[in-house]
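Undergrad: Take a look at the letters that make up each chain.
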Amino acid sequence: MTTLGFGSLPVDTTTTAPAALLTPRTLDEALRMLAGGDAAPVGGGVAHVLRRHDHLAPAAAKLVSVAGLPGFGDITVHAEHVTIGAGVRLGALAADERLARLWPVVTEAAGSVATGRIRRLVTLGGNIAARDESHDPPVALTAVGAALAVRGATGARTLAVTEADRLRPDELIEHVRLPLPTARTGSAYEKFLVRGVWEYACVNVAAAVALAEDGTVRQLALAVGSVAGGPVAVDLMGLTGVRPDRHLVAAAADRAAAGTTPYSDVTGSAAYKTRMIAEFSRRALISAIRRAEAPEGEDR
Amino acid sequence: MTDPLIPFSPHDTHASEPEARKVMSLPLRFRLNQEDVEIHVQDPTVPLLDVLRGDLGLTGTKSGCAIGYCGACTVVVDGEAVPSCVQMAGLVEGRDVRTVEGLGGPDGLDPVQNAFVKCSGLQCGFCTPGHVMALRALLDEDPDPGEERLRETVDGNYCRCTGYVKILDSAREAVELERAARVAREAR
Ligand SMILES: Cc1cc2nc3c(=O)[nH]c(=O)nc-3n(C[C@H](O)[C@H](O)[C@H](O)COP(=O)(O)OP(=O)(O)OC[C@H]3O[C@@H](n4cnc5c(N)ncnc54)[C@H](O)[C@@H]3O)c2cc1C
Ligand code: FES
Ligand code: FES
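Chains A and B, in that order, give the protein sequences.
Okay, so the first sequence: first residue is 1 according to the numbering used here, each after it adds one.
Okay, so the second sequence: first residue is 1001 according to the numbering used here, each after it adds one.
Certain hints may be false.
[As the list claims (entries may be wrong)] Going by beta-carbon spacing under 10 Å, a handful of chain A positions derived as facing chain B: (1) 23; (2) 24; (3) 27; (4) 50; (5) 65; (6) 117; (7) 199.
[Unchecked claim] Derived, one-sided and incomplete: chain B residues facing chain A with beta-carbon distance under 10 Å: (8) 1041; (9) 1042; (10) 1082; (11) 1090.
It is worth saying that the hints were derived from the structure and are not from the lab.
Even for Gly, the Cβ is constructed at its ideal location relative to N, Cα and C.
Throw the hints in and build the complete structure from the sequences for me.
TA: The following block contains the structure:
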């Protein structure tokens, strides 16, 4: 609904107590606030504002702002892995040149979200925790085998990106941990937009390929979004050890189409999307293979 | 329309608990167009757009879709152009907000505004404040953006009238007028 300048929407405060926004200085403080119950984290706050637009009550009585917590805005390349803080804005993620060299699939997925104006607001943690099947970054993170470093007042644990639904209300995603790619690894993201302009995907696919010394496929991953239970890591068991040719690409794309359940909506029927999943899996794989085969140091 | 800068009083709510009253009048302080503002909002999740238009009476910022798609509501927060309809008001506490009302001065319009006038970069004008603010933020960050960055910036803002040709002309002209204004300033 559009507000036409009559001021804030009247909210029925007799039934909906206004929320309080808390700004903790440290992670421990934030976790204590969340442990108290009836509290929810705020990243960029976009989903929280849109709740109000939909006439829903605030997510909790206490809203805990976490994007500014120490380290939450950092992208750090370690000796064996990369960490991306949950408060990193998708715009900053898309623009990170180190990450674009290591895992282009991730920067491409982040850069495919809406427009630059939205990407300045949205945080990676909020995008993942929202658990929307069509969100782009989780699809890319699933393909590269990223893990969520999660923390609650009682301890820390690690979840796969596909397990984000196991996040408890008193827990925070602290950062996302990505393995470093081995030599001769390539990755790519494909987001199919029916109208060709920015919007949520019809289908979105991420691919990652690692080649052995002899040029055969050592590791292969495909993840598909905008499907039931998405993002889905496609089972590609048995498809490694061969040359990365069109037979392999076709076989993997067929697995992606057969192993996912898209739903019909304004961007297409389920049957159409199944064909698009095969097509965009092919495209993502071909780009990923080309990048893996490119000589070291060249644009991957 | 309420007087700008007068704290708005919430509608009668039958809330008898003092606690509820206290939260209802959540204070919010930020810099707005180079002045300190303190108001009271119902809820920290109110969009900044509603605070600007409803509580502060600054109706230059337009509400198009109110869900982050069209860009008409774009304002500049700490130097970054963001859609104010999805910017949580509570999160602008202590930050610097610029709206189209803050542009221009004794010398006339801002160079970006002048560019839109000169190139007829508008028809109904509803999308214009969003374009102007996004381009203003871009030029503050990068006075010499290439064509690609200009296009990227315009991309976040629907226009249902012009077909974008004249908006892009205005964007290019804004770069030139900005450069001329800078040279003039430096000569002074
Ligand atoms: C116009 C528009 C277009 C969009 N298009 C796309 C698109 O194409 N692709 C796409 O992927 N997304 C898209 N988005 C969605 C956007 O990515 C989401 O709105 C995002 O979930 C909001 O991120 P946020 O940081 O603002 O989260 P918030 O609104 O702050 O939080 C979202 C949820 O995550 C929880 N949360 C936040 N941070 C954490 C944390 N660190 N740990 C645990 N829980 C946390 C919150 O409690 C809340 O439940 C679009 C949004 C808009 C408005
Ligand atoms: S009114 Fe904010 S983006 Fe449309
Ligand atoms: S001038 Fe009318 S919407 Fe752009």
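Undergrad: Now, for every hint given, state plainly whether the structure supports it.
TA: Cross-check of the supplied hints:
1. Because the smallest distance between the Cβ of residue 23/A and any Cβ of chain B comes to about 8 Å, under 10 Å, the interface hint for this residue holds.
2. Hint status for residue 24/A: violated, given a least beta-carbon distance of 14 Å to chain B, over 10 Å.
3. At its closest, the beta carbon of residue 27/A sits 19 Å from a beta carbon of chain B; the interface hint therefore is violated under the 10 Å criterion.
4. For residue 50/A, the shortest C-beta to C-beta distance to chain B is roughly 6 Å, which falls under 10 Å, so the interface hint holds.
5. Residue-level restraint check for residue 65/A holds (minimum Cβ-Cβ distance to chain B is 7 Å; threshold 10 Å).
6. The closest approach between the C-beta of residue 117/A and any C-beta of chain B is roughly 4 Å, which is under the 10 Å cut-off, so the hint is satisfied.
7. At about 8 Å, the closest approach between the beta carbon of residue 199/A and any beta carbon in chain B falls short of 10 Å, and the interface hint on this residue holds.
8. Given hint, residue 1041/B at the interface with chain A, holds; its Cβ is 8 Å from that chain's nearest Cβ, closer than 10 Å.
9. With a cut of 10 Å, the hint placing residue 1042/B at the interface with chain A holds, because the nearest CB-to-CB distance is about 6 Å.
10. For residue 1082/B, the interface hint holds, the least distance from its beta-carbon to any beta-carbon of chain A being 5 Å, beneath 10 Å.
11. Interface restraint check for residue 1090/B: the shortest CB-CB distance to chain A comes to about 4 Å, inside 10 Å, so the restraint holds.
Checked against the numbered hints listed earlier, the structure breaks hints 2, 3; every other hint is satisfied.
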